[in-house]
Every structure is written in structure tokens, then in C-alpha cells.
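*Asks:* Both chains are sitting in their own frames, so use the hints and assemble them into the complex.
Taken in order, these protein sequences are the chains called R and Z.
Take any residue in the first sequence, note its place counting from 1, add 836, and you have its number in the numbering used here.
Take any residue in the second sequence, note its place counting from 1, add 1041, and you have its number in the numbering used here.
I should point out that these hints are in silico values taken from the structure, not numbers from a laboratory.
Some clues are possibly wrong.
Unchecked claim - Residues from chain R shown here face chain Z by an in silico Cβ test under 10 Å; the list is partial: (1) Arg942; (2) Leu945; (3) Leu971; (4) Leu1015.
To be verified - Here are the simulated lysine-lysine pairs, DSSO-like style, with alpha carbons at most 27 Å apart: (5) Lys1281(R) x Lys1186(R); (6) Lys1035(R) x Lys1186(R); (7) Lys938(R) x Lys991(R); (8) Lys1490(Z) x Lys991(R); (9) Lys1413(Z) x Lys991(R); (10) Lys1035(R) x Lys1287(R); (11) Lys1413(Z) x Lys938(R).
Source: prediction; values computed, not measured.
Think of the CB as a built atom: it goes at the ideal place given N, C-alpha and C, for glycine as much as any other residue.
Read off the chains here:
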Amino acid sequence: MLSVLILVPIISAIIIGFLPGKAVPASRIRLVALTLSGIVLLWNIFILLKFDITNPGMQFREYLPWNDTLGLSYQLGVDGLSILMLVLNSLLTWIAIYSSNKDIERPRLFYSMILLVSGGVAGAFLAENLLLFFLFYELELIPFYFLISIWGGEKRGYAGMKFLIYTAVSGAFILATFLGMVWLTGSTSFAFDAISTQKLSAGLQLLLLIGIILGFGIKIPLVPFHTWLPDAYVEASAPIAILLGGVLAKLGTYGLLRFGLGMFPQAWHVVAPTLAIWGAVSAIYGAVIAIAQTDIKRMVAYSSIGHMGYVLLASAASTSLALVGAVAQMVSHGIILAILFHLVGVVEAKVGTRELSKLNGLMSPIRGLPLISALLVLSGMASAGIPGLTGFIAEFIVFQASFSVFPLSTLLCVASSGLTAVYFVILLNRTCFGRLANDLAYYPKVLWSEKVPALILASLIIFLGIQPTWLVRWSETTTTAMIAAIPPVEKTVISEVALK
Amino acid sequence: MDFANLAAQLNAGTILPEGIVIVTLMGVLIVDLILGRTSSRWIGYLAIAGLLSAVVALYFQWDASNPIGFTGGFNGDDLSIVFRGIVALSAVVTILMSIRYVEQSGTALAEFIAILLTATLGGMFVSGASELVMIFISLETLSISSYLLTGYTKRDPRSNEAALKYLLIGASSTAVFLYGVSLLYGLSGGQTELNAIAHGIATANVGQSLGLVIALVFVIAGIGFKISAAPFHQWTPDVYEGAPTPVIAFLSVGSKAAGFALAIRLLVTVFPLVADEWRFVFTALAVLSMVLGNVVALAQTSMKRMLAYSSIAQAGFVMIGLIAGTDAGYASMIFYLLVYLFMNLCGFTCVILFSLRTGTDQIAEYSGLYQKDPLLTLGLSISLLSLGGIPPLAGFFGKIYLFWAGWQAGLYWLVLLGLVTSVVSIYYYIRVVKMMVVKEPQEMSDVIKNYPEIRWNLPGFRPLQVGLVVTLIATSIAGIFSNPLFTLANNSVANTSMLQTTKVVSTQASVISPEQPEGL
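Isolated chain Z (complex conformation) (with noise of 0.2 Å):
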């Protein structure tokens, strides 16, 4: 094998974005290793600089010719750049709030970076591996940093607990996942790479065997773990109440879709001939999740675990596309994270706001905010809001094109009560909303009556207006001006070899089971 024969094979360019995360990472810890703290003013940047570029390198991969890289462990087509440059793009987000947040907690900023980006790298690999071995170490580099992120402000008790118990939780869940993981490589025949995996299964004529079915369920165990669909939701609730703002800022957006794009990929290549039991435990998780995060979130005092709750319902609407398994759906998922990226991270983006304000993130501490800080209740309303689906706000038209592509796929009981949870959500979204705006002057909270004057030009809060305008417009009008995220989430599901070959596989199967979920 020749070198040039062997450079072709490897096709170190798929992964070019995740390298320029790679050198940004580095840069970080350097420039922090030898200016030490006074390079804290401007390393955010730094990151934000190197974060953008690798976005910007995704694009010019768009419709690569030969996304294959590293003989097949890496999978650089169009799905696992939308999903790559949702996680960054998160992760930018997340840099501009937590400068101010890290400062203000007394901890260091650079390491908190450093330890971010690797969480970003690992989501950006878990989005386009395709090889087994590739999948868990990305999954574990991002579950690693992501524990770490968790108990960052290690001298407030309820970081540490967060901390434990996100650990022991993910720890356990990613042993469960390597469980199922090696039960497929067994299986299979000792393959690893998942096409080779699938055509294994195929050829050893296990379909639809009991081994193949728990190794089905182990893998959705762990999947289920990082998208926080109930019941592996637990850790949620808990986690974001302690952790840090900006950590769960990236975990509902970036490791979520992360854990989103895995599921496609892993189960769309892996599962074609067990595709019914996944998209039945799918609709289970669905109906699951849609339920207990829409109602518990009612009876919250706390924004943060309302938004835990909101997180672990919207995770229910999203795979609503994922059991649909058409175009539509996969499409409708990737538009929904799309907007769900804006909307969540200005939500996040104003708690943070006002809790470095005033120390406190209980939702009655918010009555009366719109006299103080108009800026705020804006972004704050209209971030909640677009989670309910208002219109003419973004997440009204990603959820119009979820149900629609569940309705196309005859999931008509889900998207019904996809529609009666949706109003449920409104109710306790509209809540904070009503704090805000609708109470009186002389109802307004302590905290807001000696709420402190509002600049801008502090160190560290410019990046978050930044983000917050930004993140404001873009959920106002992503709606509205929808055609180019709708087209793109369209060509990536199109241009996606993997989705398109399936479809003809799992036509197939479907001739060899003629049982076809019936409305479920």
C-alpha cells in the first residue's frame, strides 16, 4: 500500500473543521499555560475565532464528493455537517455567555474553554462516526467534559452533586451502551464499521434474532441518555439546576444534538431490519417525554428545571421525525434543532443575564422585570414563547413542519397529543412571561426593586448582549424568513447517501415483514 493510495483512504480533509477545534484548543491552553490569567480578556475570543472558522471550513465541505475519511470510521456527509455546525455554533453561543459567568464565579476561564472545546470536538466526532470504536470514544470524550463542565464551580455544593450524579448516570448508561454496542460486533461477525455491521447482520441472517433486539435496546439506552428522553431522563432536572448556566446552555443544545445525530446515523445503518421495534421504542420514549417534560414542568419554582423539564418535552416533539423515518421527518428534526438552537440558547442567555444580576434563578424573582430591564423580558419572552410554538416565531414553524412530517407518516396519535402537550407547554411558559410583563409595579420582587442599573460595558457582558441580540433576531425571524434553513435541512437529508440507501433497504425489509405499524 502505497502512500498516496493510503492518504486516499484516510481523507484527512472530512475532518479538517474538527481540526481547526483541535489547533484553538491547544492555542487555548497554551496562551493560558504561559500568560496565565491576563489572557482572560481576550482567549474567549480566541475560541469564538477558532469555533467560527471550523463552521466556516463545514461549509466549504458541503457536498464533498467523497466524504468518506479514515477508512470508513468518519463520515463526513451533508447530515453530520448540519449536526457538526449545530454543536459549534452552540458552543459559540455558550463561550459568549460564560465569560462574564466563569469570571464572576471566581474559577478560571481559559480551562473552562479548553474543557468546552473538547466537549464540542467530541460532539462534533460522535456526529459524523460511523465505525463503533469511533462512536463510543467521541460519546465519551463528550460525556467526560461534560462531567467536568458540570462540577466546574467545585466549591458550590450543588455543582459537586450535579457532578456525581451526572457521572455516575452517564457512566452507567455508557456501559450499558458498550454493552450493546459489543453484543453488535459479536453479532455481525467482529465487524465494527456500521455499514459492514449491517451487511454482517444481514448475511448471518440474526434479523430480528433476540441479540440483535438487545443490543437495540442497550444502544437506545444510551441514546436515550444523551437526548434526555424519558424514562433515561433523570439526571436532567438535577443536573441543570446545579451545573453551571452556560454547561447546560451546550448540553441542551449541543450535546442533544449530538446524542440526535448518533441516533440517526446509528440506528437508520445499524437497525434497518429491526427498524419497527426501534421506531416503537421510539414512539414510546416520544410519548414518554412529551408527557412527563410538558406536565412536570408545570409545578416548577425554579427556571432552570422548568427549562430542564421544557428540554426533556422538546426532545419528545424532535422524535416525533425521528420515528416518522421519511425525508420530511429527518428533515423536520434537523430544522426543529436548528431553531431550538436560537431559541434555547437566548432563553439560557437571559437567565444567565439575570442571575449575574441578581443571584437568583426562581421564576417569582422575575415579577416586574419588564420596568427594569425591557431588553431582558423581550429576549426572555420571546425565546419562551417561540418554545410554545407561538407564531410568527421560529419554533411555531418547526413544530408545524414536525407534526406535519409525523401526520405525513400516519403518526396521527402522536402528533395529536404532540398538540395537546404543546398547549400544556404554553401554559407554563407563559407564566415567567406573565411575571415579567404582566405584573404590577407594586407587585414586583424584592430582588427587581434593587434590580442594579443596567451597562453594558462591564467587562464580560458586551460578548452576552452580543448573544443575546443575535440569538433574539434569529427567533424572531427564522420563521419567517425560513426558506434557506428549510432548504438546507432538506439537501443534507437528500444529499445524505446513508438516508437515501436505507430507504431502499428498509422498502425491502418491509416486503419481508409485511406488518407495518399501523397509526403508532
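So that you can see chain R by itself, here it is in the shape it has in the complex (with noise of 0.2 Å):
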């Protein structure tokens, strides 16, 4: 059932990639690739409705023995914190093949890359065996190079090689780690039941974890590995952007959470206050250096920075409500970056330009794009946590329950939401408002085509911002499991702490 997630995204890229020239013209490629994943999408709401929101454990689970000699085994599942990470992944990747503009070049290539990585991170989402996981997680590797230094801005050679880069070194961090994890614990497998790290002494876990947060750090991105995601986002075309920041800056924290949290219980508590900081030094610094941009991708890049800081400080609270926060807010930055990015996408094609200082008056409603401009100004409000839009269900939950664990970082972090309001409120008044400048604004006309994932992406917004209980009822009962698990660990953990 799950196998289909990852299998028919592979096999449909594999099938796009060779299809000969002749059997389907390049013109029909994006509705063949448009209608394999509409068809993943579909799959993945249908496991979403039979989910059991009472089970907190791993669901719809499949094994297959591969390699026994590696512990490397097909062992896959799904739970509470993963089912919307895979909602999340197949949507954003029917939004980001619809949105692609029409007459792309080489679009075998293209759709075949876009299709691969969708199954590669349903794929990640989906392992239950730390080898499977990372061989799905350098599976986004190549595609993504190629999908950003093929189609991408003026400096894309750069930026694909620098993400190239780091995405390979944090390959190397989260592998060395998971080697340490399976060979100090004495494991013969790789599957994730196999593992118990409690019986390593508390210096190992701690260096264990510290590979683990390295590794997804330089995914999520943390502050000072961030330095590849203004690139990448910034020189992506906008609909790898949608998949850059909606889907793969998931893997990082989810990573974080189910590898970091998940099997570190007892260290984890050791390195939370530093990750609580570190997450709200990520969520000011992203928002203090988007206030200085000018180019409004790079804008967006930065929030995504900050938003993900707030993950990090949900993750380090680790109480049941701040992990239900983090999965929250995890979601919904995924679909106001999509959104965003898409709407940034239409403002450049039809203006031409990305620049604060040349964009003006697009709320006009004639001759400007006020329907994209309204939208614009919904997400920016989403993203700055407005409340009735899903963005300020997610940083609530988020904040409410780190407050009681880590007062000083959560006051930091609501500090710098207020930043992110300041940015965006800049960004929306020298875009939307203001007067068209008479001689340049002669705009093409937005088709439906280019309106239809913002619509879908903004009324989610809305719907999850008044409904909330969608959002968050399918990670409470994981959430709390997990945290369940812990607390007699901490206490060994504290009185040991205490001790030394």
C-alpha cells in the first residue's frame, strides 16, 4: 500500500526519462507527468482517510528482506508524524509539475527529475531502516542538482553546485552516525526497532546526537549551515523552490525529530536548552536578514529560515503539545513556502523583475495582477501569523508549549514572528500597493492555469487556520507516545547530569 508512494513516482521517471521521442511528444510529457502524480496525490489522501488517528504506531507497515549482510531491509511505515509529511510531499509535488511553465526546456528530463524526488522523499518519510532512509535521502541529491543548475536564474551553476555540496556532507554526517548508532549499540540490522540506544554510555549518545544534528542541520537549515538555501532557493525556478523549501526542508527536521528525539531520549534533554537557543537565534537571524533584502525570493528564502527555527524550538520543548506544535508548524510552512515562492514565480514572469525597487502598485485592478497581489498578501499574512490562517495555529501551538520549558528562547522567537511580520509588510507595500509606474506596466494577463494552485494553496490556509483540528489530530497520539517514552529515562538522565 505505502510501496505505491514510492514505486510509481520511480517507475513513471524512469518511464518518462526513456520514452521514446516518437511514442509521446514533449508537449504531452507534463500531462502524463501531471496525471501520474495527481494519481500518487489521490493514493496518498486515501491512506490519509483509513489512517488510525487512536494507533500511535507505525501503520500500514511492509517488509520485504533485502540484504542481510548490510541489516539493509524494505521495511516501510507510516505514523503520526510522518502521514502529513507524505500528504504534504505528493501535493506540493502535483502543485510544483502544474505550475512549471508550459513550454520548458527538455521536459523529459525535467518531470522525470521532479518525479524521482517525489519518491524518493515519500520514500525517506516512509523507511523504517536507517540505511533505506539515507539511501532515499541521497537519492534527492542528483535530481535536485540537476533541477536547479539546469532551470534555474543566472547564477544556478553556483547554486547547485553549493547544495550539491553541503546536501553531500550532511550525507556523510547523518551516514557515519547511523553506522555508530547500529555498531556501538551491537545491532546486526539497521531497522529502527533493532536500535536501543539507552545502554550507551551518556558521552556516546551525546556524540551520536551531535552527528544527527549536524547532519539535518545543514538541511533545515540551522544558522550558520544555511549559507547553500538563499542560493538554491533564489536561483531555483519556482517550482523547485516549492519543492526545495516545502518538502525537503521537511526531511531535515523530521529527520531531527524521529532520530534526534526519537532514538536520543536521554541526550536529547541534555542538548535541548542549546537547541532552544539555536533555534531562536535561527528564527531572529532569518528575519533581521530578510529585512535588509531587496529582492523578494530572497525574502522569502529568509523567512524559511525563520520558520524553521520555531521547529527546532518545538522539537527542543519536547513536551507532547510542542511536538504536535512542531508537525503543525512543519506543514503549514511547507504550504505558505509554496505558496509564496509560486506567487513570487508569477510576479517575476509577469513583471520581469524581482526588485523591491522596481515593483509597485500590482494591487491595481486593471492593469496590475490583483488577484495574484490579494493572494500575496494572504500568505505573507499567513507566514507572519495572523490569526484565522494556519500559519498562527501552528506558531501558537508552537510557542504555548515551549513557553513553560524555555521562556527566554520563545520570547526570542515571538520577537522575531513580530520581525517577520515587519518584512513581509514591507514586502507587500512596495509590491502590492502603491502606484503603477506608467510606461513599464503593460503586464501579460494571468492565466487560470497559474492561479489554480495559489487558489488551492491559499484556501488550505484558510480552511487549516479556522479548522485547526485537521491539522493537528493526526500527530497527537504519536506526539504523545513519543514523549510518553521518555520521562523515566530523563530522570536517570538528570540525577546522572546532577551527579557529575
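*Replies:* Have a look at this one:
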């Protein structure tokens, strides 16, 4: 059942990539890709509907032996932590394909790479085996490199290579830690349930956890390791930026929750205060740098750093509510970033610039881009945490749950949420409001097909903002179970640390 | 000694695969003499048929009850069978590549194949040789043929220079090796058979004496030359650049596999008493090879030179398995060499194809290739990405197994270095892929603009295509469907009495010297 989510995209990627030119003309490829990813999306929603929210464990499990020598098995499962990520992944894949340019160059390679990425991400979220996770994690590497450096902007070569190297380094960290986890615990298999790190000494646990944090911190990205992000997000074309920010960044936070908190609960509490501060610093840093940008895509890119900081704060707090908030924040950030990147892409395509100094008066009803600007305002508000929209719900849960644990960091994050409002107001003010320059403003019409993805995402933002149960109900039992598994060991660690 | 007893001691059946190769070799030579140039159309296929039947013969010798042949001179155990198979298969693909290449250079194909088969023969005998003289002779057979092959395109000054360089360095390193071997003969009280030497050294109580260490170092100098481990690698970049490309395809896989086979057999059997020492030396070699190979490859502009440094680096990775010295370590070496066969030969096939069509092998000239030749682009991309260890290709599984085995054996720093240098290697492998795939049509190099129309029906192109497709498919799926290869590698180690018995010896040795290597 779950294999469909992995195999259909990957197999269709291979088929699209190798389809002979005569069989399907290049103009039809997009339709084929759209249909296939639509099927995957529907299947994903079907799984979501069948998902039993009272069950805290893995569901729809699948198991196939693969390679006993390496301890690698094809073992899949989905729980509250990953179910929404999967839906997000297939939704954003569909939207990315939908919103891609109709007459893009080399469509075969483009759609085949997008589908490959989609299948790989789904695999990483589903994997119940460390090595399988790593395999899918590294599978993103090359397709994304191509997607950035073939269909990107001016400096795409540089951005693509930077992304590649950072991600490869992150993979090296993760693999080293995984090898360490498995071998030091004396396990013979990489399967999740075969590994228990409880019996390791506190020092070793800490060392491995730091490996995990560094590895996934590059992907999230946390502040000193984030320098690939502005380049990659800005140089990538709109659909690719949607996938990068909406899906790939989630892989980092998901990895942190699953492997950091899930497998090192004792050591997690040692590093949690640092992580909370780190998250707060990330949030403030992202917001402050975004204020200074003059390019709207860059602003959105830095906003992503800030928002991922909240996820880190919530993970550090690691109460049951905070984890629900973390998952909610991951999902809402995915949706909001996707709509922002899509709208920015439309603006750039129609107006021809992303500079704040050149954009003006897009709100103008006849000659401007009124609907696009309205949606931009809506999504800017959602990103800044205005009530009634999904961003607020997620941030509020995060702050409420984290405040009792790390008050200072939470306050800093609240402050950065305020700063987010600042730069979005700047952005909206310079782009949507004001007067259109008379000599420049002859913008092409926005087609319906370009509005549709934004409308879908916007209605999701509003719906989840008004009816937040649908955002949080999936992960509640799983996170409660995750936290419930921790307390007894937590006390022993604290006493151990106190003794030292 | 009656005849039956003698025949039993000779046990000549163990070298049946080599026998087939010899017959093929003779066949090739004689056919060439009788028919002359006209035979060149099918003589390559004759050689391939011979080599493949040798591989089949190897298959039937799997798990032979009595693998020792020639009164201890040759050991046909499963370990040797795997390595002989690798050498023979690499020769098969090399012939597929060289049919067109050699024809185009205006030299005789049959002579080339004859020398190549001799080298194969030498490599196969090295893999199973368990007696000093036998080792030396087969090693020389391999080396001398390799010198000849390197200088085969004799009108090309670069080929001449490469051959001279290879000859001078090769001959000196063989001399050093020979000196080490003669020391072993003396230390063990006049034994030449490997087990007898080990026994002789143990009873003569010269374990860990200076003489033994010197012999070890000299032997390692010879082995390091064959597997092009830094700092014995200096010949590699120059020879790779100058020699005909099919030849370096063979040198990078066949000759290297033979070197590793020799390393396992010689070091494990003869030097268990100084196991810590040779592990230490190989750790140094592995560190140097991984760092130097991967870092210097970054700065190369010629495809063949880049692959030369990459092969130095890959040797460094393989050495992790040797240093680990566990069953998993040896099995991971074998598995890696098997997949290395596919990916490296796939890469070299593409390089040959490109240089046949355009006459150059500069990396910059590959830019924009995807438009003119998608199959070549796909093949070279897949093989390079696999060499870089990208999932789910064969190289990824090979590296994972090496690192896994290394980590299990406690070689943490070595594995971490391997991981770091793998990241470095991704950079230079992807650079070529970028040239081919990412570049815009207007950034196409002049060579690509004038790229000839792709025709597979020219003489000698069909075998190239077959070799490319087969190795490409193997590179793509040998990782995902890796269980048979894993079983093969594990069984060949588990069924090899040499590795299993010496484990006991080495644990005894470790009892004698409680200083176990910590970490490195």
C-alpha cells in the first residue's frame, strides 16, 4: 500500500526519462507527469483517510528482506509524524508539476527528475530502516542538483554545486552517525526497532546525537549551515523552490525528530537548551536578514530559515503539545512557502523583475495583478502569524508549549514572529501598493492555470486556520506516545548529570 | 612415486580455466599467422569465447574439494576463483572495447589480443599462486605484457613515454619485491611455499624480527605498485594518459584485482606474526591514496588523468576492507572489486567511444554532449555517479559495505576519512556530468558541434555498444539486486580455508602481543 507512494513516482520517472520521442511528443510529457502525480496524490489522500489516528505506532507496515549482510531491509511504515509530510510531499509535487512552465526546455528530464525526487522523499519519510532512509535521503542529491543547475536563474551553476556539496556533507555526517548507532549498540540490522541506544554511555549518546544534529541541521537549515539555502532557493525556478522549501527542508526536521528525539531521548535533554537558543537565534537571524533584502525571493528564502527555527524550538521543548506544534509548523510552513514561491514566480514571470525597488502598485485592479497581489497579501499574513490562518495556529501551539520549558527562547521567537510581520509588510507595501509606473506596466494576463495552484493552497491555508483540528489530529497520539516513552529515562539522566 | 600419485599431487585440473585461456591465446596467434589481417574481423570474438568458457570452467570449480594443485604451487580455492573471474571478465570487456580502438590506430588486433590474453593469464595465476616463484613468475607475466600493451600504439610519442615510465618503475618495483621475497626464502629456512614459509618463520622464531619487517615492507612496495596505492602511484596518471584506453581499462580493473588478490594471499598467509605492522602500513597507504587521489583529481582537465587519480582513490577505499582483516572486510573488498569492474569499465567504454568519435578526451570537450549522444551521456553519467557512491547504483552499495565492514572492525577514523573523501570525489565526478548534461546548447564545445552521426553498424562499434549496455545495466542494478553478489563474496571468503585458518593464528598472535591496534 505504501510502496505505491514510492514506486509509482520512481517507475514513472524512469519511464518518462526513457520514453522514445516519437511515442509521446514533448508537449504531452507534462500531462503524463501531472496525471501520474495526481494518482499518487489521490492514493495518498486515501491513505490519510484510512489512517487510524488512535494508533500511536506505525501503520500500513510493509516488510521485504533485502540485504541481510548489510542489515538493510525494505521496511516501510507510517505514523503521525510522517503521514502529513507524505501528503504535503505529494501535494506539492503535483503543484510543482502543475505550475511548471508549459514549454519548458528538456521536459523529459525535468519531469522525470521531479518525480524521482518525489518518490525519494516519500521513501525517506516512510523508511523504517536507517540505511533505507539514508538511501532515499541521498537519492535527492543528484535530481535536485540537475533541477537547480539546468532550469535555474543566472547563478544556477554555483547554487547547484553549493547545494550538492552541502547536502553531500550532510549525508556523510548522517551515514557516519548511523553506522555508529548500529555498531555501538551491537545491533545486526539497521531496522529502527532493532536499535536501542539506551544502553550506550551518556557521552557516546551525546556524540551520536551531535552527528545527527549537524547532519540534519545542514538540511533544515540551522544558522551557521544555512548559506546554501538563499542561493539554492533564489536560483531555482519557482516549482523547484516549492519542492526545495516545502518538502526537502521537512526532511531535515523530520530526521531530527525521528532520529534525534526518537532515538536519543536521554541525550536530547542535555542538548535541548542549546537547541532552543539555537532555534531562537535562527528565527531572529532569518527575520533580520530578510528585512535587509531587496529581492522578494530572497526575502521568502530567509523567512524559511526563521520558520524552521520555530520547529527547532518546539522539538527542543519536546512536550507532547510542542511536538504537535512542530509537526503543524512543518506542514503550515510547507504550504505557506509553496504559495509564496509560486506567487513570487508568477510576479517575476509577468513583471520581469524581483527587485523591491522596481515593483510597485500590483494591486491595481485592471493593469496590475490584483488576484495575485491579494493572494500574496494573504500568504504574507499567514507567514507572519496572523490569526485565522494556518501559520498562526502552528506558531501559537509552538509558543504555548515551549514557553513553560524555555521562556527566553520562546520570547525571542515571538519577537522574531513580529519581525516577520515587519519584512512582509515591507514586501507587500513595495510590491502591491503604490502606483503603477505608466511606461512599464503592460503586464501579460495571468492565466487561470497559473492561479489554480495558488487558490488551492490559499484555501488550504484558510481552512486549516479556521479548522485547525485537521492540522493537529493526525499527530497527537504519536507524539504523546513519543513523549510518554521518555520520562523515566529523563530522570535518570538528570540525576546522572547532576552527579557529574 | 607412481604416476597416479604424481597426477594427484599435480592436480592439474585446478588450472583448467587458465588452460582454456592458453589454448585461446595460441589459437589467436596461429590464426593470425595463417590468415593474416583478414582474421581481425572475428578474432576478437574467438578470444571472448575463450575467456567466457574459462569463466564457465571457473564456475564448475567452485567449492572444489581439493583446490591445491601443483604440489602446493597453486591454490584454486574460492577466493582465487572470484579474483580469476574478475580478471577474466575485465579482459572480456577490454576486448570488446579494443576491437575498434586498435583497428583505428592502425596496428594489428591479433597481436594486441594475444598480449592482452597473456596479461590475463598472468593475472589469473597471480590470484591463485601460493608459492614464491610462482607468484613472481605470474606477476612478471602480467607486468611485462602490461608494458607491451602500454606502448602498443608505437607511433604515438605519449604511448612510448608511458611505456618507458611504466617499465622503469615497474621493473624496479619488481626488483624490490623480489628482494623481499628472497628475504622470506632465507628467513624461513629455505621454503618457497607460502604456508611452509609461515610455519618456517614461526618455528625459526624470527617473528617480528627486523628481517621480517624489511621483507614485509619490500613486498608491500611491489603490491602497492600493482594496486597503485600512494606513494607507489606515480606511474598511474602518466601511464593512464599515454597508454591506449582499453589497456588502462584492463590495468585499472584486471591488474588491480590481481594485485589485491596477491595482497590478501601473501599478507594473510605469510605475515600473521606482523599483522599489526602490515595493517599499519596499509592504513598509511589507504589514507594517502584516498586523500591524494581524490584531491588531485579535482584539478584534472583530461578525462583519462582524472580517472587515473580516481582509480588511486578507489584503491584507497578498497584497502579499508583489507585493513579490517575480518571476513566482512575481505568480502567487502571482493564485492567492491566486482562492482568496480562494472562501473569502471562502463566509464572507460564511454571514454573510448567519445574519443573514437571525436578524437579527444579533454573534459571540457564533453560539454553539451547530451544533445548529440544520449546513450553515451547516460552511460558515462551513471558510471561516474556510481563511482562517486550515489544511491541506488552499484557503487553506493559497494562503499556502504566497505565502510560498514571498516566500522565493524573499529576503523572509525579511516571510515570517516573515506566518507569525507567520498564527498570530495562527488565534486569531480559531477563536474563531468555537469559538462555533459547541464550545459546549454549554445555552450556546446566545437567538438560536439561537429559530432558525427551515431552509427552503430560500423565495424567494431557493435561490440562496444554491447559492452556499454551490459556494463551500464550491471552498474545500475547490481546494487539493488545485490544479494547474489553479496552471497558470492561472503561465500568465497567463508569457504577459503586460508582465511579461516589464519584467523586462528592471528588470534593466537594477538594473544602473544596484546597490543591491539586501537582505532586506526
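*Asks:* If a hint holds in the structure, say so; if it doesn't, say that too.
*Replies:* Hints and how they fare:
1. Arg942: holds, 8 Å
2. Leu945: holds, 8 Å
3. Leu971: holds, 4 Å
4. Leu1015: OK, holds: Leu1015(R) within 10 Å of chain Z, min 5 Å.
5. Lys1281(R) x Lys1186(R): holds, 8 Å
6. Lys1035(R) x Lys1186(R): Measuring from Cα to Cα gives roughly 59 Å; hence the hint is violated.
7. Lys938(R) x Lys991(R): The given pair, whose Cα atoms are some 23 Å apart, holds under the 27 Å limit.
8. Lys1490(Z) x Lys991(R): holds, 25 Å
9. Lys1413(Z) x Lys991(R): holds, 25 Å
10. Lys1035(R) x Lys1287(R): violated, 55 Å
11. Lys1413(Z) x Lys938(R): OK: Lys1413(Z) and Lys938(R) at ~24 Å, within 27 Å.
Checked against the numbered hints given earlier, the structure breaks hints 6 and 10 and satisfies all the rest.
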